[in-house]
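Take these sequences, add in the hints, and give me the full structure.
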Amino acid sequence: MVIMGQCYYNETIGFFYNNSGKELSSHWRPKDVVVVALGLTVSVLVLLTNLLVIAAIASNRRFHQPIYYLLGNLAAADLFAGVAYLFLMFHTGPRTARLSLEGWFLRQGLLDTSLTASVATLLAIAVERHRSVMAVQLHSRLPRGRVVMLIVGVWVAALGLGLLPAHSWHCLCALDRCSRMAPLLSRSYLAVWALSSLLVFLLMVAVYTRIFFYVRRRVQRMAEHVSCHPRYRETTLSLVKTVVIILGAFVVCWTPGQVVLLLDGLGCESCNVLAVEKYFLLLAEANSLVNAAVYSCRDAEMRRTFRRLLCCACLRQSTRESVHHTSSAQGGASTRIMLPENGHPLMDSTL
Numbered sequence: 001m002v003i004m005g006q007c008y009y010n011e012t013i014g015f016f017y018n019n020s021g022k023e024l025s026s027h028w029r030p031k032d033v034v035v036v037a038l039g040l041t042v043s044v045l046v047l048l049t050n051l052l053v054i055a056a057i058a059s060n061r062r063f064h065q066p067i068y069y070l071l072g073n074l075a076a077a078d079l080f081a082g083v084a085y086l087f088l089m090f091h092t093g094p095r096t097a098r099l100s101l102e103g104w105f106l107r108q109g110l111l112d113t114s115l116t117a118s119v120a121t122l123l124a125i126a127v128e129r130h131r132s133v134m135a136v137q138l139h140s141r142l143p144r145g146r147v148v149m150l151i152v153g154v155w156v157a158a159l160g161l162g163l164l165p166a167h168s169w170h171c172l173c174a175l176d177r178c179s180r181m182a183p184l185l186s187r188s189y190l191a192v193w194a195l196s197s198l199l200v201f202l203l204m205v206a207v208y209t210r211i212f213f214y215v216r217r218r219v220q221r222m223a224e225h226v227s228c229h230p231r232y233r234e235t236t237l238s239l240v241k242t243v244v245i246i247l248g249a250f251v252v253c254w255t256p257g258q259v260v261l262l263l264d265g266l267g268c269e270s271c272n273v274l275a276v277e278k279y280f281l282l283l284a285e286a287n288s289l290v291n292a293a294v295y296s297c298r299d300a301e302m303r304r305t306f307r308r309l310l311c312c313a314c315l316r317q318s319t320r321e322s323v324h325h326t327s328s329a330q331g332g333a334s335t336r337i338m339l340p341e342n343g344h345p346l347m348d349s350t351l
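In the UniProt record's numbering, the protein residues as written are 1 to 351.
Simulated from the structure, these hints should not be mistaken for laboratory data.
Label-pair distances were calculated between CB atoms; the ranges are: (1) A37 x Q6: 37 to 45 Å; (2) L199 x A174: 25 to 33 Å; (3) W169 x R61: 40 to 48 Å.
Every residue, glycine too, gets a C-beta built ideally from N, C-alpha and C.
Dropping the structure here:
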């Protein structure tokens, strides 16, 4: 019998799942196999792509700028998200019932921390881009110490939000407040998480909208003095495309999951959130893969670094077959690319 106000620290996972009405399967169902197969695929891709981004930033001195430090932090957060989701895939389905309460909170905390760090870094990148564009610089001249403090702040916030449920923001002592999607968490936690992500999105929209209108006005003024050179029209279109991709990717990947989190957090009894939760969580995880493409692969210098790293890996593999071929290939791959001394922010593809 459930007694109001009593704490249930010694109960099993099954007890809380039964209390919330969430099914806890004892065998592998077809949908469990599908979710795990898709999850493992996405996790591996997330790990590989973000490792490549981190390696590129570390190996290329041209990337030792504040915006690339933030991109590196985004890749690190997404790499962490890949590890967290991989951990989830190995502790889901019938394996969930075998978890201890500490193990369940660890599984949930890893996800919450990594995804929070990723979202917070997206906002930090938007703010850095706004600062750079308004200062008419290709890259922000923020001191490295301030960038490090910003990155540390992102992780402190993420760790705080990820660790809170295990220590206080749970429902082990208030079963009537338990959510359905996460049966050990309080519904208020899910609502706050969803609303905070919505706030981040609105701030990103405001920042990028201000950047767009500022750049468009600047392009129009410059066009008056150069007889509307086609390059300025291309710049505006490129900017619009980049902004649409950034915000569109965020909306597509995050909105479905945030909606069901908010509905569950608000206690919507008629909403069948359990039917779609696993797929929407997978979609949110896929954003860690999309980030690498949107924020890194659209940068020409980053693409060149990717090709160099991948080619070097191929060349190292081929040294066992032909030393001469390797040395000549490495010599041919040495290309010096000069960047303009006063880069114009309109052409910065890392927006």
